[in-house]
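Number of protein chains: 2
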Amino acid sequence: MGGILWLVPFSGIVAVIAAFVLARDVIGRPKGTPEMQEVAAAIYEGAMAFLKRQYRTIGILSVVTAVLLGMLLGAIAPQIGDVSGAELAWRTSVAFLVGAACSAAAGFIGMWISVQANLRTAAAATRSLKEALQVSLRGGAVSGLLVVSLSLLGVMGIFAAYGGFTRPDVAPYLIVGFGFGASFVALFAQLGGGIYTKAADVGSDLVGKVEAGIPEDDPRNAAVVADLVGDNVGDCAGRGADLFESTAAENIGAMILGIAIYLATQDAAWIFFPLVVRSVGLLASIVGVYVVGAGQAEVTNAQAALDRGYWTMTVLCAIGIVVVTMVMLNSWWLVAAGLIGLGTSVIFVYLTQYYTAGSWRPVQEIARASRTGPATNIISGFAVGLETTGPTALVISAALLASYYCGAQWAADYQPLITYLGAEEAILAGGLFGTAVATMGMLTTVAYILAMDTFGPITDNAGGIAEMANAPEETRHRTDALDAVGNTTKALTKGYAIASAALAAFLLFSAYLDEVKKITGLARIPVDLTDVNVFVGGFLGATLVFFFCALTIRAVGKAAGDIIEEVRRQFREEPGIMLGTVKPDYARCVDITTKAALREMVVPGILVVVFPVIVGLVLKAEAMASFLMVGTMAGILMATVLNNAGGAWDNAKKFIESNELKDDAGLVLGKGTPAHAAAVVGDTVGDPFKDTSGPSLHVLIKLLSTITLVLAPLFIR
Amino acid sequence: MGGILWLVPFSGIVAVIAAFVLARDVIGRPKGTPEMQEVAAAIYEGAMAFLKRQYRTIGILSVVTAVLLGMLLGAIAPQIGDVSGAELAWRTSVAFLVGAACSAAAGFIGMWISVQANLRTAAAATRSLKEALQVSLRGGAVSGLLVVSLSLLGVMGIFAAYGGFTRPDVAPYLIVGFGFGASFVALFAQLGGGIYTKAADVGSDLVGKVEAGIPEDDPRNAAVVADLVGDNVGDCAGRGADLFESTAAENIGAMILGIAIYLATQDAAWIFFPLVVRSVGLLASIVGVYVVGAGQAEVTNAQAALDRGYWTMTVLCAIGIVVVTMVMLNSWWLVAAGLIGLGTSVIFVYLTQYYTAGSWRPVQEIARASRTGPATNIISGFAVGLETTGPTALVISAALLASYYCGAQWAADYQPLITYLGAEEAILAGGLFGTAVATMGMLTTVAYILAMDTFGPITDNAGGIAEMANAPEETRHRTDALDAVGNTTKALTKGYAIASAALAAFLLFSAYLDEVKKITGLARIPVDLTDVNVFVGGFLGATLVFFFCALTIRAVGKAAGDIIEEVRRQFREEPGIMLGTVKPDYARCVDITTKAALREMVVPGILVVVFPVIVGLVLKAEAMASFLMVGTMAGILMATVLNNAGGAWDNAKKFIESNELKDDAGLVLGKGTPAHAAAVVGDTVGDPFKDTSGPSLHVLIKLLSTITLVLAPLFIR
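These protein sequence lines are chains A and B, in that order.
If you use our numbering, the first sequence corresponds to residues 260 to 976, in order.
If you use our numbering, the second sequence corresponds to residues 260 to 976, in order.
Hints in this document: simulated from the structure, not taken from any laboratory.
Treat the hints with care, as some may be off.
Just so you know, same-sequence chains aren't split out, so a pair can sit in one copy or run between any two.
Pairs of lysine-lysine residues, derived as DSSO-like cross-links and limited to a Cα-Cα distance of at most 30 Å, are as follows [said to hold, decoys possible]:
#  : residue 1 : residue 2
1  : K817      : K921
2  : K817      : K913
3  : K854      : K921
4  : K311      : K913
5  : K468      : K930
6  : K468      : K921
7  : K879      : K776
8  : K817      : K930
9  : K913      : K468
10 : K817      : K854
11 : K842      : K854
12 : K311      : K817
Start from the sequences, fold in the hints, and give me the full structure.
Set out below in structure tokens:
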């Protein structure tokens, strides 16, 4: 093991310190004009009020779930190794609550720093683009670093507390509850936040832009503060919890797969490798963040500056993967697997860019289709979304097969494993471990990616604050430039999140099957689709994805309806609002959106938790595995469609707004033309797709994995 | 076997005679005014011109494929039983061509009678609703009866020609090429026809209703004849070929499953059961058609009259299932399985109605969402489409599990099978056979369903003819009433087609695995999702469905673009068209649509044939099975979304047009309001969903099955 494990707490603590330094830097910056501060204060209050109420609901649900979980496992769970059913039960319940608490904290941190950084970014934009870029990225980085280090320290901490260093072969089974708790909170955080943000966005657009004919972010629109709050509670709090649970669940899954090799070699390096390689990525991300804008007097191209940080970080990660893998695992085949994972994440970043940025064919095709009205805009955008599944699936499949091949090649020459498992089983275990290494390779970059993601809503908010506070033209130009880059980075993160979910999926259900094997004592658990139960299980898994999308999309529609009613009411009852002489009641809109979003998140959330349990109890473990696998495939594809169609519609509208669309005679078709109106329809349709259903599907996929991992003992025949 | 096999040729010949009698009846009716005849002649010419060119392309593709197929199988195929690879190769190629020819004939018949019946229906509508209903339904029945009897006689004929009665254990493997040929032609027929009809529809609507502001089916619109032609080449020719290949493929699959039981019992009843039970359904359908309108002086409610026929036929089918199953198979468990299948088809008819008819919550919800514009209309309709997957999948899953259970219960007591296979394998084979019996139970009703389906485009055309020929108000009222019913029956057929595809899917890939077992000599072929190749195979299968939808939806967009250009050009170059003094050049529009549709059908068509072959060759037989299974699941769900969302949007628009939508103050929001415009957008988006991509997916699912059945020998490791 080479004593390299100290890197985990070291990097975790370094990252926490770096986050504090960055946070102090952001908070110490000037807060701008009183008008700006007033708007920011309203956003802050609204966001905090939402989070408080949301966390109360989630807290109650979590405690109830933890108790039920403990009771169920206590009543039914069998012995695993030297762990009794009762011990498994209470440890899982406690781990669940710790995971839930960490996930909630990750979401809270993401949002808290974001509602500080938005104002500072707006203020910095009055001075220079470079400063505005640095403030917003550093704000994002606080969230990114803390989320990742929290996941690292949390998994390591609970692992140590549960005796992981004395019995590393069973401890991972005890900590799967941590992953479930994290996913559970992330699901509701992402659902509630996603519904909130898009209900506010769609509602304020429809009643403001469409009905009243006032511009976006106009202070006369009572829903505008709710819209700005939404960016924070959806994109920041939701995404923070989402990526926290991803990294936690994938760490745990990879550790479980490592057990097979640990048992053969008695070298715990195989279990701890995931944690160490992630530590390296964390350190690389810190460097990446500081590189952005460094040594430049002023930034002219914000995207290029971010890219410089991204590439610095990626190269450092690649070096880190090589070093850590050789030191701990000593195999070039596994190095190759890790680099395949890293390379896949880079490909996904560019693939998403191709499909959702205005410089390429897909978005331009949608913009052109807008010339014949909203119907062709929608058809074209939906076709682009569907099309993206092709390259996405091919890249994922190639990465899976290639990393599996690398792992199998390694195992074919690795004598301890062959001696312990026999040649055939060793190659299977090695192949699986190869995909786990690839997943870890991909996830090294997560902290920087999350920083770029949180950067998006911060700049979006900064733009809104500048607009509402009537900041000078130049300031708004700067925030607009950052906002455009933020749109791209938000889309990239979604591509990244899906790719990592896909790569991790195979790892996670292999971990599930490992657990079933351990419990049943069987050597192989085939998930045979020719068995009618397994087939039906898979079919229902895919169906859950489709049905869940229906519920979440409808939830946005319903919540938006509540907001529209309220804004209309305010316009009707107080004519001074439209004249600009009376301020609308922003707080009431925030309050109504909060209530509606929390109301609407419960049904889809509970469905996703309860339905798999019913399927598992009725159709049993193999059908559950197929439910999970086919559900994951469907989830990946559907999320790809929704995220990319949404992103492409959004940018097709921006393409038209930047006067790049022309008619047959060469005349510009810009803002205010029917083509633009058509593009606005597409953008609105895409809102719940890309910011509610799509991101919720990321969490759904992981939640299915962690649920099955935790409840595996219940599903044994 | 009880000598009951004579029923197959008997019912086939009776159905052919009945079809001729019905066709004579239809053709002998009055042809209406000269104006009507002129319009109908234009439609007839356009449809025939399209079919001629389409069939030339399909013919070339079919011959090339047959030759390649023969060469590939000849080079690689192993011995199956006493059949050499070379014999398998040439017999498969010939069967492919025969299947292709029959499928093409089925499509041609469907369209030919439809372009005769449309004019007679329009003429009949000048006299009475009852006569118009009878003419259009009987026209549809000609197609329904001939398609089903052709499939019955075709399968039976090639089975006999290939020595099925002397060696029934291998003959089904020789005739799988028939199913592949049928699917191959159906795919291109449905694709080409589907693209044609919706490109013409979308194109003529956008340039006519939206740009020029003239009503639907207005004679000044140069694309209006192309639109009417489209109904015939898409809904009639396409659907005819689609249901032909469904019934053929499912018959063959069920016969292959019957072989296992034949080998145990030496009673060929187990192989011929599917053909006999279908014969009974064919006879029941003839009765059903004659019941509609019989004994009534005048029909006031066309839907109720059709329902009377439907229920008469269903009750007769139920009786037929009981009698045939008891006589041939002598098991109440299998009777139950057959009735489960029949019951499932009835449930689907009502389920589709709930989701796509204006009397219930889903469509009304979409209509209400139209009040806030096109974006909310689209969001709401898409959510409804996604929602429908829930009940659909639950019903299918329940039917599969229940019929499997019935079959297993039967086998558990059936000594010959247990003696031959052993208890465990006997129960598996019995369960599978149970699902096959359920599929056959469901498919008994297919001829009547197809009659109701073809009824739809006939009435739609009749309405168009009446409109263009300036028929009196009363006539148009009657054709409108029939058209509304036709919309419902078209939606029902799609629900039915999906349910039968789903039920048959399990049967078809079981047949595929039976073939792989036979070739490899292995007792079991597990399709184990934990194998990375199998997992990737499944993932790529689901991806093919998504990507295929992208291609087909885009194809409609592109072809519509060509039409829009042409109509605009005609309006621009000949101002007399808009004034109504000069007739537009309908033929040129028909010609352009034909070319565009044929051009656009090639890429998606070839993709679905070639991609599975590549996956099978690279990842091998088990991965291919998973490709097929997961692809089928995804296809069922996606087609359900597309068909139902499209149907619901269409009827939400009709709901508004019939003045049933009100605003908050209770005022009617009818035609010409922004709510109606929003609903038109949804309807247009739904067009390619429900009439191009959705129906093409039905064929895709079956094609995957027949391809794998035929090429199984190539995929063995």
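**Item:** Unmet hints by their number, sorted upward, for this structure
**Value:** Violated hint: only 4; rest satisfied.
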